[in-house]
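Engineer: Sequences and hints are given; from them, build the entire structure.
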Amino acid sequence: MQKSTSTPCWLGIRLPHLALDLLTRGQARNGLPIAVSESIKRRELIIDCNPAALSVGVKAGMPATAALGLVDTLQVVERDTGAEQRALQRLAAWCYQYSNQVSIPADRNGLFLEAGASERLFGRPQTLGNRLGRELGQLGYHAMTGSAATPEAAWLAAYEGLHIYSAGHIRQQIGPLPLGRLQLDAAQQLALERMGFRQVRDLLRLPRKALTRRFGPTVADYLDRVLGIQADPRTLYQPPETFASRMDLPAEITTSQALLFPLKRLVEELCGVLRGGDTAAQSLQIVLGHEDHEDTLLELGLQSPTQAQARLMTVLRERLERLRLPRPVREIRLEAPQLLQFSAGQHSLFMDTTTEHKQGIEQLVERLQARLGRESVTGITGVEDHRPEYSWRPRTLDEQADCTALAHRPSWLLPKPKRCTIEDYEILAGPERIESGWWDGRDCRRDYFIVRDTHGSTLWAFHEYKPRRGWYLHGIFA
Amino acid sequence: MPQNSTISKLLSTTPQLWQGHRANHAQRTLPTGHVRLDARLPGGGWPLGAITELICAKPGLGEFSLLFPTLTNISKQGQWIIMIDPPWIPYPASLHGHGLLLEQLLLVRTHQEKESLWACEQALSGGQSGAVLAWPERISFTRLRRLQLAAENSGKVAFLFRPENALDAASPAALRLQLEAGGQRGTRINVLKCRGSRPVEPAWIPRPYAQAHTRPIPNPQAPGALTQPVAGTTTSRGQRTISHLSV
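As given, the protein sequences belong to chains A and B, one line each in that order.
For what it's worth, numbering that gives the first Met the number 0 labels the leading residue of the first sequence as 0, then goes sequentially.
For what it's worth, numbering that gives the first Met the number 0 labels the leading residue of the second sequence as 0, then goes sequentially.
Don't take each hint at face value.
[Unchecked claim] Lysine-lysine pairs mimicking PhoX-like chemistry, simulated, CA-CA at most 20 Å apart:
id : chain 1 : residue 1 : chain 2 : residue 2
1  : B       : K75       : A       : K417
2  : A       : K415      : B       : K57
3  : A       : K417      : A       : K465
4  : A       : K58       : A       : K40
5  : A       : K415      : A       : K465
By construction, these hints were calculated from the structure, which means they are not laboratory data.
The structure presented is a predicted model; accordingly, all values stated were derived computationally and were not measured.
Structural biologist: Now the structure itself:
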């Protein structure tokens, strides 16, 4: 049943445990029982829980108070639909690496992705679906995928992991599904059940006219969209200019090394988004939220934009090694304030050695800066000033170095001129007068000499007239 | 004999192995730029992928300018010179004056000895060629060994500037040189150890200003005496350039 490449094929991605996944994906192992609750008709009901909670008898649908009565270590967290929406936005951006047609349905937790056009790149919808399921699992999300010619049929297929290869097969394949799977509201669902409908095929057998008479046009229209009789245009997702992700940690993290696991998931997500938008990040901000304490801010800067997860993680690992946590961490936020154009030249086949050296040094600088701090790793450049102590400054690596050439000066300058007595030295050459700085209040007048001490070291000394009188050592001819 | 041919094959392919009676020329090297020194070193230059120790009782004996030809070449090839915790500030005008490209110079400042050695190891690892310079105050044999191992995996030249007390300690460095002030003849370079051959007799590197200008110490009370130009011109900003100082 090989499908031709041009036919549209939608992949439905269901995220049935999204609310719970957002709570647990920061943990390496699901050790603690956690449940998500929601107020339904003024009652706080459990809607989902992790295996640890399940094993002690917590079930979806039970009141939160009853669940808490079962285990006292149970954490019940109220559902946050806003966070779910933001997560869907991020995942859509992440999915964008596999298709340029991604859609976020408004009424459910999941995504639609057009897989027909990218079949040559990523294989048949089934292959791509399995891959997405696996990779989303690595990000900490439980995902179920299915595919069909229409988005709504793909959604139904995702329940069973079905892959329906042509529009003609939809009716036959979704027929045996229970009625509850259809995207109908609760009142319609109940009415259908009362009429004795059990399976989707029972409903499909009814003539359209009869359906419309009983339930209004909504149900009939919905079925038409499932079967592909009616067009189902979707608003397509547009990738964002920035990236921001947030992760709550149900179990507090007390050591900086333990942050690596959740951060790896966040970085993985970011890199997916970067690949999707064909963008790259050069700087990252990581905010670690503590309880009753000011947030810890980590800023990571790279020498050049990247999409590579390994490179970001190396820098992050160095940074974390030096980090002291003031308090346990409750939440992590990762932001890439600016997504830059990614130049594929970084994977160029014919790389000349200069580029190679540049990349090597960039990654070294990143590693060093992550551990030692930004200002600890610099270049150096000259500054137009006759006073030697003001004639240099640190330079960032993308800056041009500019300098006058004075080969007769010493190779090293002392950080500060050091008082000395000239009688200890033998004068080899000089004087060289430097008189400068009347305009900035650091006026000086000096005569420089090249001198040698009793050990045979050649040094640079000066006699100052202004502002202080006396002899000073200022450099070493090493 | 088959055994013998295995040994000779090993000898020719492994730079670490050599026969005592002749110098090992399989060591990859970089010319030092000083003919007399090159002639004394196995392979004819600074060993690549290995540590070179420069032991100096006091700074200012020409231990850094000794490297100028090599460093200039490295920078001109677009490779990097990484200085880890230099004890003083490199004077850009002077380095530039000796032909070193400042764009290729990287300075790393750390606050602890441990961090400094870590940075050194990081700089040495990685496949690119270039130079790493460090000034460790104290360094244990095991640490040196780690640096030596890190260097072996790269094509870099590594220079460690070490104080005089390093003379007594054993070292896994491939090359150990001691610099001594040698009066009129310049700086004396004693080859303490060189992997791949027996230590040879010292080399002499001329130093500028070997002869002192026997000039009376100027009287600081009389600044007028100092304004007499030596052999230079006074620029519009009052700076005097002295032509005979150019090295």
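Engineer: Could you run down the list of hints and mark each one as holding or not?
Structural biologist: Taking the hints in turn, this is what the structure says about them:
| no. | hint | in the structure |
| --- | --- | --- |
| 1 | B:K75 - A:K417 | violated, 34 Å |
| 2 | A:K415 - B:K57 | holds, 19 Å |
| 3 | A:K417 - A:K465 | holds, 16 Å |
| 4 | A:K58 - A:K40 | holds, 18 Å |
| 5 | A:K415 - A:K465 | holds, 16 Å |
Of the numbered hints listed earlier, the single one contradicted by the structure is hint 1.
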